[in-house]
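Chemist: Since the structure of chain A is provided, determine the placement of chain B on it from the hints.
Just so you know, the protein sequences line up as chains A and B, in that order.
First residue of the first sequence: 1, per our numbering; consecutive thereafter.
First residue of the second sequence: 1, per our numbering; consecutive thereafter.
No more than 35 Å apart at the CA atoms, straight line, and that leaves these computed lysine-lysine pairs for DSBU-like:
#1 B:Lys148 to A:Lys211
#2 B:Lys190 to B:Lys350
#3 B:Lys375 to B:Lys359
#4 A:Lys244 to A:Lys154
#5 B:Lys82 to A:Lys244
#6 B:Lys66 to A:Lys190
#7 B:Lys361 to B:Lys350
#8 B:Lys361 to B:Lys248
#9 A:Lys190 to B:Lys82
#10 B:Lys375 to B:Lys350
#11 A:Lys206 to A:Lys18
#12 A:Lys244 to A:Lys211
Worth flagging that the hints you see were computed from the coordinates, not collected in a lab.
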Amino acid sequence: MVTRVLDEAPSLGTLYAKAAVTAFGRGGGLPEDRLARNGVTVDPAHLAAYARVCRLPLNDVLPATYPHMLTFPLQMALMSDRSFPLALPGLVHVRNRIDVVRAIGSGEPLDLEVWAENFAQHRSGAAVDLRATASVGGEEVWRSTSTYLARGAKAPEGAPEAQIEVAVGDLERVAATWRIPDDAGRRYAKVSGDVNPIHLSGLTAKAFGFKRAIAHGMWVKARVLGALAGRLPDELALDVSFRKPLLLPSTVTLSTAQAGGGWDVAVRNATSGTEHVVGTIRPL
Amino acid sequence: MANSPKPETRKAAIVGGNRIPFARSNSTYAQASNQDMLTATLDGLVARFGLQGAQLGEVVAGAVLKHSRDFNLTRESVLGSKLSATTPAYDVQQACGTGLEAAILVANKIALGQIESGIAGGVDTTSDAPLAVGDDLRRVLISLNNAKTLQDRLKALARIRPGQLVPEIPRNAEPRTGLAMGDHAAITAKEWEISREDQDELTVRSHQNMAAAYDRGFFDDLVTPYLGLTRDQNLRPDSTVEKLATLKPVFGKGEGATMTAANSTPLTDGASAVLLASDEWAAEQGLPVLAHLIDAQTAAVDYVHGGEGLLMAPVYAMPVMLARNGLSLQDFDFYEIHEAFASTVLSTLKAWEDPAFCKGKLGLDAPLGSIDRSKLNVNGSSLAAGHPFAATGGRIVAQLAKTLHEAGPGKRGLISICAAGGQGVVAILES
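The following block holds chain A by itself, in its conformation from the complex:
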């Protein structure tokens, strides 16, 4: 295993382009290399923009989902590299778990590390976990696991079964109704840098087989976090599975129920009931 330390965040637009042209002829096992960045400080203006677009309160503690803003470009660099066995176009983010080991002050310099692991098989293809950690002075304060599914791909012989479902209890009662405008993907793309064409416009989304542009799953997750602001412990695990794409524009409902000292949550289409996000939030 080799850890390569980058001086700055890679540009996501460039990585998407690189991944598209190198999509074919991939295979083999997961790369063992890790990518890292050290002493990363949060730009207050970016944090404010992120908080606004995700409707999170602005204060001196990083939202649980925020470090993903910093680690995602590194994960993308790993996935777009030729050594990564699965082609990036077609990879679907199906589950995301974030552990906040302790509240992170927005002024704390973070050491980030990302890697891929757990090449797993799934009935519709192969799955892989993109892991990330954020540490302060050698102490791990935050970690995440993003599970991606590649439909039609094959995991190596003897690979374990992918775990992409998060079990939740009864979530009948609706807590809130959200109207998600059609520019939600573009607004989040502007802040996150995640310019995946499936989020940007109907036309670009169609090219990848979606009827309309779809919302970023991590944006929906952050909005759920914002809806529960003030009701969450400082140290927590947020585990959600992304079910069906949330087509833009949409009216969706948020359901919440207290469970296990935390919450079960679900975001569904307001009329059809299609499940977009279900998950659990638990004290860590």
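Modeler: Then chain B, alone, in the frame of chain A:
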């Protein structure tokens, strides 16, 4: 004015306070909304006094510059805070008197036994200010919204003129006189012959007092850092009369203008909150009592047609409250006179010393007299901290309560706050 005897009530205790450092306009808090700042301030108070998940009697706060979407600003902030979601809340607005008025409202409910605990606060941002469309455009847009047919819609749209597209920016000006508050204060300063030197001296003392208070850790349990700011951004510990003398006047016109950007408060962003309770509740929670809110009084003056200065209402409120409590202006150990402008503090003090004014305007046989200036704004006031309108009252109440507590039991403090619209709020605290 007749004074009715005070009914038998209990006195509301001031347990403590919390605020965020005040920031200069369009600076560190430029991206923070009123709700962000008020929520962070409430959460700081919750952390300080262990109120996680607590259901309090009521939270009362307000903002002077408020977006229409923030109609329930305080309740929304409570819902986003660590307080129990079953804590009721409401908004108040009395211009710069908002914070103190909120404390009086909470204290009165505690005094009457209607609630056992409550938070009073205030917040203002001049950076994330609500812009409104001009009145002409607003009417066009309403008729556009009401239009049933395409023709009606086009007719409505045709009424839009380019000039209407400029939004209305909130101004620190009186709607009825069109004068900025500073220009009103300049008129009063001239009337009372307040010198530039006296104003600058008061300003420097405010900065020095507040800097010294920070240095000795006085604000450690009153202020929680926010967005990287740990002290009030406006604070200039190295401020001197010589430096201030070089500034050009910004309010009042021509020869004899005395009011500068230094001896007037700048536009500021910030929030404050004060925890009030019955003595019993505080004891049950194991919380301290810094002081009690003894009494309060508001007054208003006719600054439009009546010839009184816009910011002179506290001058009128004071004798009413003093008489009701059988106190003289000299019976206090500390005075907190809000420094909207240095000249306002000085005009207020001069008016209380003036026999003709006290007899003619206040109907007093003798003037209220002068105060010992060394007891005035001893830990700094608005000229140093800045003045996020609705947040100032909470800052002063918590600051004075702690000052009294430090001085020991039985100490008395006086608060005087002037407000836009020709209003004033005064109060008495006692340790």
